[in-house]
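**Student:** Sequence:
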Amino acid sequence: MGKSIVPEATARQAVSFVLGAAAALTVVMLVQYRAPAAGLSRARTRGQFSGWRSSDEQEQYHRRNETVRTVHHQGPPVAGVAGDDRHHHIEPNATPKANSTSTQTAAVRSDHLPSIDRQEQGSEEFRGLAAAVARAATDDRTVIITCVNQAWAAPGSLLDLFLESFRIGDGTARLLPHVLVVSMDPAAHARCLAVHSHCYHYTMPGLHMNFTSAKFFGSREWLEMVWSKLKLQRRILQLGYGFLFTDVDVMWLRDPFKQVTAYADMTVSSDVYFGDPDNLGNFPNTGFFHVKPNARTIAMTKLWHESRDSYPGANEQPVFNMIKKRLVAELGLRLRYLDPAFMGGFCSYGKDLGKIVTMHANCCVGLKNKMKDLRSVLDDWKKYTRLPHWEKHRARWTVPGACIK
1 MGKSIVPEAT ARQAVSFVLG AAAALTVVML VQYRAPAAGL SRARTRGQFS GWRSSDEQEQ
61 YHRRNETVRT VHHQGPPVAG VAGDDRHHHI EPNATPKANS TSTQTAAVRS DHLPSIDRQE
121 QGSEEFRGLA AAVARAATDD RTVIITCVNQ AWAAPGSLLD LFLESFRIGD GTARLLPHVL
181 VVSMDPAAHA RCLAVHSHCY HYTMPGLHMN FTSAKFFGSR EWLEMVWSKL KLQRRILQLG
241 YGFLFTDVDV MWLRDPFKQV TAYADMTVSS DVYFGDPDNL GNFPNTGFFH VKPNARTIAM
301 TKLWHESRDS YPGANEQPVF NMIKKRLVAE LGLRLRYLDP AFMGGFCSYG KDLGKIVTMH
361 ANCCVGLKNK MKDLRSVLDD WKKYTRLPHW EKHRARWTVP GACIK
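Residues in the sequence shown are numbered from 1 upward in steps of one, following UniProt numbering.
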(Lines of atoms letter the chains of each structure in order from A; the text may use other names.)
(Lines give C-alpha, C1' and ligand atoms only; values in the text may rest on other atoms or scores of the structure.)
Protein backbone atom coordinates (compact mmCIF):
# COMPACT_ATOMS: atom_id res chain seq x y z
CA MET A 1 0.00 0.00 0.00
CA GLY A 2 2.87 2.36 0.78
CA LYS A 3 4.29 1.83 -2.68
CA SER A 4 1.02 2.96 -4.38
CA ILE A 5 0.87 6.22 -2.40
CA VAL A 6 4.22 7.49 -3.75
CA PRO A 7 3.30 7.36 -7.50
CA GLU A 8 -0.07 9.02 -6.77
CA ALA A 9 1.59 11.91 -4.98
CA THR A 10 4.10 12.28 -7.76
CA ALA A 11 1.27 12.48 -10.36
CA ARG A 12 -0.55 15.16 -8.42
CA GLN A 13 2.63 17.25 -8.24
CA ALA A 14 3.09 16.97 -12.01
CA VAL A 15 -0.48 18.08 -12.77
CA SER A 16 -0.14 21.05 -10.41
CA PHE A 17 3.09 22.07 -12.10
CA VAL A 18 1.52 21.98 -15.59
CA LEU A 19 -1.53 24.00 -14.54
CA GLY A 20 0.66 26.60 -12.84
CA ALA A 21 2.87 27.00 -15.89
CA ALA A 22 -0.15 27.44 -18.15
CA ALA A 23 -1.61 30.13 -15.90
CA ALA A 24 1.68 32.03 -15.79
CA LEU A 25 2.02 31.91 -19.60
CA THR A 26 -1.52 33.27 -20.00
CA VAL A 27 -0.76 36.21 -17.74
CA VAL A 28 2.41 37.06 -19.69
CA MET A 29 0.49 36.98 -23.03
CA LEU A 30 -2.24 39.25 -21.71
CA VAL A 31 0.27 41.79 -20.42
CA GLN A 32 2.19 41.90 -23.72
CA TYR A 33 -0.90 41.86 -26.01
CA ARG A 34 -1.36 44.79 -28.40
CA ALA A 35 -4.32 45.31 -30.73
CA PRO A 36 -3.36 44.57 -34.33
CA ALA A 37 -2.80 47.47 -36.68
CA ALA A 38 -5.83 48.56 -38.67
CA GLY A 39 -6.35 46.40 -41.74
CA LEU A 40 -4.07 43.56 -40.52
CA SER A 41 -6.63 41.54 -38.62
CA ARG A 42 -7.52 38.18 -40.16
CA ALA A 43 -11.12 38.57 -39.01
CA ARG A 44 -13.25 40.10 -41.78
CA THR A 45 -15.47 43.04 -41.05
CA ARG A 46 -18.77 43.45 -42.87
CA GLY A 47 -17.17 45.89 -45.27
CA GLN A 48 -14.67 43.24 -46.39
CA PHE A 49 -17.26 40.79 -47.62
CA SER A 50 -18.18 40.77 -51.29
CA GLY A 51 -21.24 42.86 -52.00
CA TRP A 52 -21.01 45.01 -48.85
CA ARG A 53 -20.32 48.70 -49.26
CA SER A 54 -17.61 50.72 -47.56
CA SER A 55 -18.66 53.42 -45.10
CA ASP A 56 -18.45 56.14 -47.76
CA GLU A 57 -20.40 53.99 -50.23
CA GLN A 58 -23.00 53.21 -47.57
CA GLU A 59 -23.48 56.90 -46.88
CA GLN A 60 -23.95 57.64 -50.58
CA TYR A 61 -26.25 54.63 -50.96
CA HIS A 62 -28.51 55.67 -48.09
CA ARG A 63 -28.53 59.28 -49.30
CA ARG A 64 -29.70 58.11 -52.74
CA ASN A 65 -32.34 55.84 -51.22
CA GLU A 66 -33.54 58.65 -48.98
CA THR A 67 -34.02 60.79 -52.08
CA VAL A 68 -36.03 58.03 -53.75
CA ARG A 69 -38.13 57.40 -50.62
CA THR A 70 -38.82 61.12 -50.28
CA VAL A 71 -40.00 61.28 -53.88
CA HIS A 72 -42.10 58.14 -53.46
CA HIS A 73 -44.01 59.44 -50.46
CA GLN A 74 -44.60 63.00 -51.61
CA GLY A 75 -48.33 62.85 -52.32
CA PRO A 76 -49.70 62.75 -55.87
CA PRO A 77 -46.88 63.71 -58.25
CA VAL A 78 -47.49 66.46 -60.74
CA ALA A 79 -44.90 65.20 -63.19
CA GLY A 80 -44.76 61.62 -62.03
CA VAL A 81 -41.37 61.97 -60.36
CA ALA A 82 -39.26 64.51 -58.58
CA GLY A 83 -35.73 64.53 -57.33
CA ASP A 84 -32.27 65.61 -58.26
CA ASP A 85 -29.91 63.76 -60.56
CA ARG A 86 -26.95 65.08 -58.59
CA HIS A 87 -27.36 62.27 -56.07
CA HIS A 88 -27.16 59.66 -58.81
CA HIS A 89 -24.42 60.66 -61.20
CA ILE A 90 -21.31 58.53 -61.59
CA GLU A 91 -18.30 60.02 -59.86
CA PRO A 92 -15.40 60.99 -62.14
CA ASN A 93 -12.76 58.33 -62.60
CA ALA A 94 -9.11 59.06 -61.93
CA THR A 95 -7.26 60.26 -65.02
CA PRO A 96 -5.29 57.30 -66.42
CA LYS A 97 -1.58 57.69 -67.02
CA ALA A 98 -0.51 57.13 -70.60
CA ASN A 99 2.16 58.28 -72.99
CA SER A 100 0.59 57.43 -76.31
CA THR A 101 -2.27 58.56 -78.54
CA SER A 102 -4.19 55.38 -77.69
CA THR A 103 -5.30 56.78 -74.32
CA GLN A 104 -8.76 57.77 -75.55
CA THR A 105 -9.34 54.42 -77.27
CA ALA A 106 -8.21 52.55 -74.17
CA ALA A 107 -10.59 54.59 -72.04
CA VAL A 108 -13.49 53.80 -74.36
CA ARG A 109 -12.70 50.10 -74.28
CA SER A 110 -12.71 50.14 -70.49
CA ASP A 111 -15.79 48.87 -68.68
CA HIS A 112 -15.65 51.82 -66.23
CA LEU A 113 -18.33 54.45 -66.59
CA PRO A 114 -17.20 58.01 -67.34
CA SER A 115 -18.67 60.87 -65.39
CA ILE A 116 -21.64 62.89 -66.55
CA ASP A 117 -20.59 66.05 -68.34
CA ARG A 118 -20.74 69.10 -66.11
CA GLN A 119 -22.92 70.86 -68.64
CA GLU A 120 -25.44 68.01 -68.45
CA GLN A 121 -25.30 67.87 -64.63
CA GLY A 122 -26.94 71.27 -64.35
CA SER A 123 -29.47 70.63 -67.11
CA GLU A 124 -33.18 70.77 -66.36
CA GLU A 125 -33.83 68.44 -69.27
CA PHE A 126 -33.43 65.29 -67.18
CA ARG A 127 -34.66 66.54 -63.84
CA GLY A 128 -36.17 63.66 -61.86
CA LEU A 129 -34.96 60.98 -64.27
CA ALA A 130 -32.55 59.36 -61.79
CA ALA A 131 -35.28 58.87 -59.19
CA ALA A 132 -37.72 57.51 -61.78
CA VAL A 133 -35.19 55.01 -63.11
CA ALA A 134 -34.15 53.92 -59.61
CA ARG A 135 -37.74 53.08 -58.70
CA ALA A 136 -38.35 51.00 -61.82
CA ALA A 137 -34.98 49.27 -62.17
CA THR A 138 -34.32 45.62 -61.36
CA ASP A 139 -31.85 44.53 -58.69
CA ASP A 140 -29.11 44.37 -61.34
CA ARG A 141 -29.83 47.98 -62.38
CA THR A 142 -31.72 47.35 -65.62
CA VAL A 143 -34.84 49.20 -66.69
CA ILE A 144 -37.30 48.64 -69.54
CA ILE A 145 -38.11 51.86 -71.39
CA THR A 146 -40.83 52.83 -73.84
CA CYS A 147 -41.99 56.25 -75.09
CA VAL A 148 -45.51 57.53 -75.78
CA ASN A 149 -47.28 60.68 -76.87
CA GLN A 150 -50.94 61.53 -76.38
CA ALA A 151 -52.08 59.61 -79.47
CA TRP A 152 -50.24 56.44 -78.45
CA ALA A 153 -51.29 56.69 -74.79
CA ALA A 154 -54.98 57.42 -75.36
CA PRO A 155 -57.53 54.90 -74.05
CA GLY A 156 -57.72 51.91 -76.38
CA SER A 157 -54.51 52.89 -78.17
CA LEU A 158 -51.02 51.40 -78.31
CA LEU A 159 -50.13 51.82 -74.63
CA ASP A 160 -53.12 49.73 -73.59
CA LEU A 161 -52.16 46.91 -75.97
CA PHE A 162 -48.54 47.13 -74.83
CA LEU A 163 -49.43 46.76 -71.14
CA GLU A 164 -51.95 44.01 -71.91
CA SER A 165 -49.25 41.97 -73.64
CA PHE A 166 -47.22 41.93 -70.42
CA ARG A 167 -50.22 40.76 -68.44
CA ILE A 168 -51.13 37.87 -70.78
CA GLY A 169 -47.62 36.88 -71.87
CA ASP A 170 -45.74 33.84 -70.64
CA GLY A 171 -43.62 35.01 -67.68
CA THR A 172 -43.86 38.69 -68.59
CA ALA A 173 -46.19 39.97 -65.87
CA ARG A 174 -43.29 40.00 -63.40
CA LEU A 175 -41.42 42.38 -65.73
CA LEU A 176 -44.18 45.00 -65.76
CA PRO A 177 -43.02 46.71 -62.51
CA HIS A 178 -39.70 47.41 -64.24
CA VAL A 179 -41.22 49.26 -67.21
CA LEU A 180 -40.65 53.02 -67.24
CA VAL A 181 -43.05 54.78 -69.61
CA VAL A 182 -41.55 58.03 -70.90
CA SER A 183 -44.27 60.49 -71.89
CA MET A 184 -43.50 63.20 -74.42
CA ASP A 185 -46.36 65.56 -73.53
CA PRO A 186 -48.54 66.38 -70.48
CA ALA A 187 -51.63 64.56 -71.77
CA ALA A 188 -49.66 61.36 -72.34
CA HIS A 189 -48.18 61.67 -68.88
CA ALA A 190 -51.57 62.07 -67.23
CA ARG A 191 -52.83 58.99 -69.03
CA CYS A 192 -49.72 57.03 -68.04
CA LEU A 193 -50.19 57.89 -64.37
CA ALA A 194 -53.74 56.53 -64.60
CA VAL A 195 -52.73 53.11 -65.91
CA HIS A 196 -49.13 52.45 -64.84
CA SER A 197 -46.93 52.84 -61.77
CA HIS A 198 -43.72 54.20 -63.33
CA CYS A 199 -44.00 57.27 -65.57
CA TYR A 200 -41.54 60.01 -66.48
CA HIS A 201 -42.41 63.25 -68.30
CA TYR A 202 -39.58 64.15 -70.66
CA THR A 203 -40.00 67.89 -71.15
CA MET A 204 -37.09 68.70 -73.52
CA PRO A 205 -36.61 72.42 -72.63
CA GLY A 206 -36.11 74.72 -75.60
CA LEU A 207 -37.81 72.38 -78.06
CA HIS A 208 -41.18 73.97 -78.81
CA MET A 209 -43.07 71.30 -80.68
CA ASN A 210 -46.45 69.65 -80.33
CA PHE A 211 -45.95 65.92 -79.72
CA THR A 212 -49.54 65.12 -78.77
CA SER A 213 -50.97 63.83 -82.06
CA ALA A 214 -49.89 60.84 -84.09
CA LYS A 215 -46.90 61.96 -86.13
CA PHE A 216 -46.41 61.15 -89.77
CA PHE A 217 -43.37 58.96 -90.42
CA GLY A 218 -40.47 61.22 -91.41
CA SER A 219 -42.09 64.50 -90.36
CA ARG A 220 -40.01 67.08 -88.48
CA GLU A 221 -41.88 66.44 -85.22
CA TRP A 222 -41.50 62.67 -85.59
CA LEU A 223 -37.76 63.00 -86.24
CA GLU A 224 -37.27 65.19 -83.17
CA MET A 225 -39.18 62.70 -81.07
CA VAL A 226 -37.18 59.64 -82.14
CA TRP A 227 -33.82 61.42 -81.85
CA SER A 228 -34.66 62.82 -78.41
CA LYS A 229 -35.07 59.26 -77.13
CA LEU A 230 -31.40 58.66 -77.82
CA LYS A 231 -30.34 61.54 -75.55
CA LEU A 232 -32.45 60.14 -72.74
CA GLN A 233 -31.03 56.65 -73.25
CA ARG A 234 -27.50 58.00 -73.03
CA ARG A 235 -28.32 59.76 -69.77
CA ILE A 236 -29.62 56.50 -68.29
CA LEU A 237 -26.34 54.79 -69.17
CA GLN A 238 -24.42 57.63 -67.54
CA LEU A 239 -26.43 57.07 -64.36
CA GLY A 240 -25.07 53.52 -64.29
CA TYR A 241 -28.18 51.67 -65.47
CA GLY A 242 -28.61 49.31 -68.38
CA PHE A 243 -31.83 49.41 -70.36
CA LEU A 244 -33.96 47.49 -72.78
CA PHE A 245 -35.67 49.97 -75.05
CA THR A 246 -38.88 48.85 -76.70
CA ASP A 247 -41.20 50.74 -78.99
CA VAL A 248 -44.72 50.84 -77.59
CA ASP A 249 -45.96 48.88 -80.65
CA VAL A 250 -43.98 45.80 -79.56
CA MET A 251 -46.05 43.04 -77.96
CA TRP A 252 -44.23 41.11 -75.20
CA LEU A 253 -45.33 37.47 -75.30
CA ARG A 254 -42.35 35.87 -73.55
CA ASP A 255 -39.33 37.09 -71.56
CA PRO A 256 -36.85 38.63 -74.06
CA PHE A 257 -34.02 38.85 -71.53
CA LYS A 258 -33.41 35.15 -72.12
CA GLN A 259 -32.32 36.08 -75.66
CA VAL A 260 -29.77 38.67 -74.49
CA THR A 261 -26.19 37.41 -74.15
CA ALA A 262 -23.85 38.59 -71.40
CA TYR A 263 -21.07 39.14 -73.96
CA ALA A 264 -22.79 41.85 -75.99
CA ASP A 265 -22.70 45.55 -75.16
CA MET A 266 -25.71 46.02 -77.41
CA THR A 267 -28.23 43.42 -78.55
CA VAL A 268 -30.62 44.66 -81.24
CA SER A 269 -33.56 43.24 -83.17
CA SER A 270 -33.27 42.82 -86.92
CA ASP A 271 -35.45 43.52 -89.95
CA VAL A 272 -33.18 41.56 -92.32
CA TYR A 273 -31.31 38.68 -90.69
CA PHE A 274 -28.77 36.44 -92.41
CA GLY A 275 -28.70 33.67 -89.82
CA ASP A 276 -25.64 34.79 -87.83
CA PRO A 277 -26.11 37.03 -84.76
CA ASP A 278 -22.58 38.42 -85.19
CA ASN A 279 -22.96 39.30 -88.87
CA LEU A 280 -22.64 43.08 -89.18
CA GLY A 281 -24.48 42.85 -92.48
CA ASN A 282 -27.76 42.21 -90.65
CA PHE A 283 -30.15 45.15 -90.76
CA PRO A 284 -30.87 46.52 -87.26
CA ASN A 285 -34.23 47.61 -85.93
CA THR A 286 -33.68 50.08 -83.14
CA GLY A 287 -37.25 49.81 -81.96
CA PHE A 288 -36.09 47.01 -79.68
CA PHE A 289 -32.59 46.80 -78.24
CA HIS A 290 -30.73 46.09 -75.00
CA VAL A 291 -27.64 48.07 -73.88
CA LYS A 292 -25.28 47.51 -70.96
CA PRO A 293 -23.83 50.55 -69.15
CA ASN A 294 -20.13 51.00 -69.83
CA ALA A 295 -17.76 53.45 -71.47
CA ARG A 296 -18.17 51.86 -74.90
CA THR A 297 -21.94 52.18 -74.97
CA ILE A 298 -21.92 55.74 -73.64
CA ALA A 299 -19.44 56.71 -76.36
CA MET A 300 -21.60 54.81 -78.85
CA THR A 301 -24.76 56.77 -78.04
CA LYS A 302 -22.82 60.04 -78.20
CA LEU A 303 -21.31 59.28 -81.61
CA TRP A 304 -24.64 57.95 -82.83
CA HIS A 305 -26.44 61.18 -81.91
CA GLU A 306 -23.68 63.37 -83.33
CA SER A 307 -23.91 61.49 -86.65
CA ARG A 308 -27.39 62.90 -87.21
CA ASP A 309 -25.94 65.97 -88.91
CA SER A 310 -24.16 63.76 -91.44
CA TYR A 311 -27.46 62.24 -92.59
CA PRO A 312 -30.03 65.08 -92.74
CA GLY A 313 -33.65 63.96 -92.68
CA ALA A 314 -32.83 60.42 -91.53
CA ASN A 315 -34.11 58.88 -88.32
CA GLU A 316 -31.88 57.12 -85.83
CA GLN A 317 -32.27 53.61 -87.28
CA PRO A 318 -30.72 54.08 -90.77
CA VAL A 319 -28.04 56.29 -89.24
CA PHE A 320 -27.09 53.49 -86.85
CA ASN A 321 -26.98 51.08 -89.77
CA MET A 322 -24.60 53.42 -91.60
CA ILE A 323 -22.19 53.83 -88.68
CA LYS A 324 -22.38 50.39 -87.02
CA LYS A 325 -19.09 49.14 -88.49
CA ARG A 326 -17.36 52.31 -87.32
CA LEU A 327 -18.77 51.81 -83.81
CA VAL A 328 -17.35 48.30 -83.72
CA ALA A 329 -13.99 49.24 -85.23
CA GLU A 330 -13.30 52.47 -83.33
CA LEU A 331 -15.03 51.90 -80.00
CA GLY A 332 -14.75 48.14 -79.72
CA LEU A 333 -18.55 47.89 -79.39
CA ARG A 334 -19.75 44.30 -78.96
CA LEU A 335 -22.84 44.11 -81.15
CA ARG A 336 -25.19 41.14 -81.59
CA TYR A 337 -28.45 40.73 -83.46
CA LEU A 338 -31.65 38.97 -82.39
CA ASP A 339 -33.17 36.26 -84.57
CA PRO A 340 -36.60 37.30 -85.99
CA ALA A 341 -37.77 33.74 -85.36
CA PHE A 342 -37.89 34.83 -81.71
CA MET A 343 -37.99 38.65 -81.83
CA GLY A 344 -40.40 39.07 -84.71
CA GLY A 345 -41.88 42.01 -86.54
CA PHE A 346 -44.20 42.54 -89.46
CA CYS A 347 -41.10 42.95 -91.66
CA SER A 348 -39.91 39.46 -90.71
CA TYR A 349 -41.38 37.12 -88.13
CA GLY A 350 -41.32 33.52 -87.02
CA LYS A 351 -44.31 31.38 -87.90
CA ASP A 352 -43.90 29.17 -84.81
CA LEU A 353 -45.91 30.58 -81.91
CA GLY A 354 -44.05 28.17 -79.66
CA LYS A 355 -40.86 30.20 -80.17
CA ILE A 356 -42.02 33.78 -80.63
CA VAL A 357 -40.97 36.18 -77.85
CA THR A 358 -41.98 39.63 -79.12
CA MET A 359 -43.91 40.91 -82.12
CA HIS A 360 -43.24 44.41 -83.47
CA ALA A 361 -45.60 46.37 -85.72
CA ASN A 362 -42.78 47.57 -87.94
CA CYS A 363 -43.10 47.90 -91.71
CA CYS A 364 -46.54 49.30 -90.91
CA VAL A 365 -47.59 52.92 -91.44
CA GLY A 366 -50.57 54.44 -89.69
CA LEU A 367 -51.85 54.11 -86.14
CA LYS A 368 -55.11 52.41 -87.18
CA ASN A 369 -53.24 49.77 -89.18
CA LYS A 370 -50.91 49.06 -86.29
CA MET A 371 -53.81 48.79 -83.84
CA LYS A 372 -55.76 46.40 -86.08
CA ASP A 373 -52.89 43.98 -86.60
CA LEU A 374 -51.55 44.12 -83.04
CA ARG A 375 -55.03 43.36 -81.68
CA SER A 376 -55.07 40.36 -83.99
CA VAL A 377 -51.63 39.30 -82.67
CA LEU A 378 -52.87 39.37 -79.07
CA ASP A 379 -56.04 37.48 -80.00
CA ASP A 380 -53.98 34.80 -81.77
CA TRP A 381 -51.75 34.54 -78.70
CA LYS A 382 -54.74 34.09 -76.39
CA LYS A 383 -56.08 31.31 -78.63
CA TYR A 384 -52.66 29.66 -78.65
CA THR A 385 -52.37 29.66 -74.85
CA ARG A 386 -55.81 28.02 -74.53
CA LEU A 387 -54.93 25.13 -76.83
CA PRO A 388 -53.95 21.74 -75.36
CA HIS A 389 -50.24 21.14 -75.66
CA TRP A 390 -50.67 18.54 -78.40
CA GLU A 391 -52.48 21.09 -80.59
CA LYS A 392 -50.20 24.10 -80.07
CA HIS A 393 -47.94 23.25 -83.00
CA ARG A 394 -50.87 23.89 -85.36
CA ALA A 395 -51.32 27.53 -84.24
CA ARG A 396 -50.69 30.21 -86.87
CA TRP A 397 -50.89 33.98 -87.10
CA THR A 398 -54.01 35.44 -88.71
CA VAL A 399 -52.76 36.78 -92.05
CA PRO A 400 -52.98 38.79 -94.14
CA GLY A 401 -53.83 41.84 -92.08
CA ALA A 402 -53.54 45.55 -92.70
CA CYS A 403 -49.74 45.24 -92.60
CA ILE A 404 -48.74 41.73 -91.57
CA LYS A 405 -48.48 39.33 -94.52
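No lab work stands behind these hints, which were simulated from the structure alone.
Using N, Cα and C, we set each Cβ at its ideal position, and we do this for glycine too.
Incorrect hints may appear among the rest.
Okay, the calculated beta carbon distance ranges per label pair [to be verified]:
1. R394 - L280: 34 to 42 Å
2. A329 - P186: 23 to 31 Å
3. L280 - V365: 22 to 30 Å
4. F274 - R220: 30 to 38 Å
5. R326 - R220: 20 to 28 Å
6. A262 - A341: 19 to 27 Å
7. A329 - K382: 39 to 47 Å
**Student:** So the hint says 30 to 38 Å: do the beta-carbon atoms of F274 and R220 match that?
**Tutor:** holds, 34 Å
**Student:** A range of 23 to 31 Å was offered for this pair. Does it hold for the Cβ distance of A329 and P186?
**Tutor:** Violated, at about 43 Å.
**Student:** Could you see if the CB distance from R326 to R220 stays within 20 to 28 Å?
**Tutor:** holds, 27 Å
**Student:** In this structure, is the beta-carbon distance linking A262 and A341 contained in 19 to 27 Å?
**Tutor:** Cβ of A262 to Cβ of A341: about 21 Å, so the range 19 to 27 Å holds.
**Student:** Indicate whether the distance between the beta carbons of R394 and L280 respects the range 34 to 42 Å.
**Tutor:** Since the Cβ atoms of R394 and L280 sit about 37 Å apart, the hinted range of 34 to 42 Å holds.
**Student:** Indicate whether the distance between the beta carbons of L280 and V365 respects the range 22 to 30 Å.
**Tutor:** For V365 against L280, whose Cβ atoms are near 28 Å apart, the range 22 to 30 Å holds.
**Student:** Evaluate the given range 39 to 47 Å for the C-beta pair formed by A329 and K382.
**Tutor:** holds, 46 Å
Checked against the numbered hints given earlier, this structure breaks only hint 2.
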